[in-house]
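Q: With the hints as your guide, set chain B onto chain A.
Line by line, the protein sequences give chains A and B.
First residue of the first sequence? That's 1 in our numbering, and the numbers climb one at a time after it.
First residue of the second sequence? That's 1 in our numbering, and the numbers climb one at a time after it.
A few chain A residues that face chain B, going by a derived Cβ cut-off under 8 angstroms, partial list only: (1) A3; (2) G156; (3) V169; (4) V173.
Listed next, with one range per pair, are the computed distances between beta-carbon atoms: (5) D157(A) - G190(B): 11 to 21 angstroms; (6) R70(A) - D15(B): 50 to 60 angstroms; (7) E110(B) - D107(A): 55 to 65 angstroms; (8) D144(A) - W65(B): 45 to 55 angstroms; (9) H27(A) - H88(B): 36 to 46 angstroms; (10) E95(A) - E145(B): 50 to 60 angstroms; (11) S43(A) - R91(B): 53 to 63 angstroms; (12) G42(B) - H27(A): 33 to 43 angstroms; (13) R62(A) - H88(B): 40 to 50 angstroms; (14) G61(A) - H80(B): 54 to 64 angstroms; (15) H80(B) - R62(A): 55 to 65 angstroms; (16) L14(B) - D123(A): 45 to 55 angstroms.
Hints are computed from structural coordinates only; laboratory data are not their basis.
The C-beta atom is built at its ideal place from N, Cα and C for all residues, glycine as well.
2 protein chains.
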Amino acid sequence: MSADGFVAGPNQSLDEPLGVGGEALHHWMFQSTEDVDRELAGSMLDGVGAFIMGRNMFGGGRGPWSGDWRGWWGDDPPYHCPVFVLTHHPREPVEMDGGTTFFFVTDGIEAALASAREAAGDDDVMIAGGASCVNQYLAAGVIDELVLHIAPVVLGDGARLFAGVGPDVTLEVLATSGSAAATHVTYRVGG
Amino acid sequence: MSADGFVAGPNQSLDEPLGVGGEALHHWMFQSTEDVDRELAGSMLDGVGAFIMGRNMFGGGRGPWSGDWRGWWGDDPPYHCPVFVLTHHPREPVEMDGGTTFFFVTDGIEAALASAREAAGDDDVMIAGGASCVNQYLAAGVIDELVLHIAPVVLGDGARLFAGVGPDVTLEVLATSGSAAATHVTYRVGG
Numbered sequence: 001m002s003a004d005g006f007v008a009g010p011n012q013s014l015d016e017p018l019g020v021g022g023e024a025l026h027h028w029m030f031q032s033t034e035d036v037d038r039e040l041a042g043s044m045l046d047g048v049g050a051f052i053m054g055r056n057m058f059g060g061g062r063g064p065w066s067g068d069w070r071g072w073w074g075d076d077p078p079y080h081c082p083v084f085v086l087t088h089h090p091r092e093p094v095e096m097d098g099g100t101t102f103f104f105v106t107d108g109i110e111a112a113l114a115s116a117r118e119a120a121g122d123d124d125v126m127i128a129g130g131a132s133c134v135n136q137y138l139a140a141g142v143i144d145e146l147v148l149h150i151a152p153v154v155l156g157d158g159a160r161l162f163a164g165v166g167p168d169v170t171l172e173v174l175a176t177s178g179s180a181a182a183t184h185v186t187y188r189v190g191g
Numbered sequence: 001m002s003a004d005g006f007v008a009g010p011n012q013s014l015d016e017p018l019g020v021g022g023e024a025l026h027h028w029m030f031q032s033t034e035d036v037d038r039e040l041a042g043s044m045l046d047g048v049g050a051f052i053m054g055r056n057m058f059g060g061g062r063g064p065w066s067g068d069w070r071g072w073w074g075d076d077p078p079y080h081c082p083v084f085v086l087t088h089h090p091r092e093p094v095e096m097d098g099g100t101t102f103f104f105v106t107d108g109i110e111a112a113l114a115s116a117r118e119a120a121g122d123d124d125v126m127i128a129g130g131a132s133c134v135n136q137y138l139a140a141g142v143i144d145e146l147v148l149h150i151a152p153v154v155l156g157d158g159a160r161l162f163a164g165v166g167p168d169v170t171l172e173v174l175a176t177s178g179s180a181a182a183t184h185v186t187y188r189v190g191g
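This is chain A alone, in the form it adopts within the complex (with noise of 0.2 angstroms):
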């Protein structure tokens, strides 16, 4: 998240995929040498048995699908086992390398959250995102633990985080760290 709070930047398109200046939010995760980035960085997928993204994470677009589109996460997404795509317009199942398929669902988020917990077992569901993805878990409580990565950078537009959650959310400050790359934040989500 950008220290103003967006997770993506203004304009997102195909060529930025989040938006413009939002790359810089991610400097944290591939720049820094630092050895508290390069820790959370390597280990913020362990533990997670599926995943769920929005439609603009996976790939971006629009309306029914056409061609071959697989995304922009190349030919071996770094999520490794299965992953639920919200989306309005029905797709088959996309398998990649490494234990990657994608999962597209269009019966709502409570739907991909029950497919996601029956295909992690007991391992972890992670929400990766984006902002609209998040917003909707936060709005209806079903989330437990947060992590924020605050970038010391200002978008002044784009995907806000948080947009829509109300002040019902209540949040429990788990661990904290930092470095010049980012400020980390875990936090326990109730309400």
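A: Coordinates of chain B only, in the frame set by chain A:
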């Protein structure tokens, strides 16, 4: 600041100067028993020779001054030095106990900053708040250092820090610390 970026809740009033839910933003300052919070709260005004704040932070209200309302900081405000209050309506200075005098500045943020710098001498000028005041100075590019205290609170609405500031502001993390009550981040500001 709340986790969702507000420095005051919605519906600020004489009864709730920080808006609905806004008091919780300051628990780290007044209620936390953790060392990191107590040390920060105890030292945050050290070395400051003059303050600038918006009229809302001084005492609320709109339009020409009337009556003898001396703001909501009590007879002995915590500032103990000159405080320059941004307003559109002229008023004679108000001298309080303990060395605090409120001066009312009607010719804009640059004039207020010049007066505050002169009053502070070799000491620092602190832009105390609220959001609109800080945002104007951020947008003007005259803030050197920004200290955020991010409380584990979602307000949902209110006065938003960084609103209208735009992406030309750059931040560099100088220090990070945290407690159950707040995540503290000091930024050097550029741009």
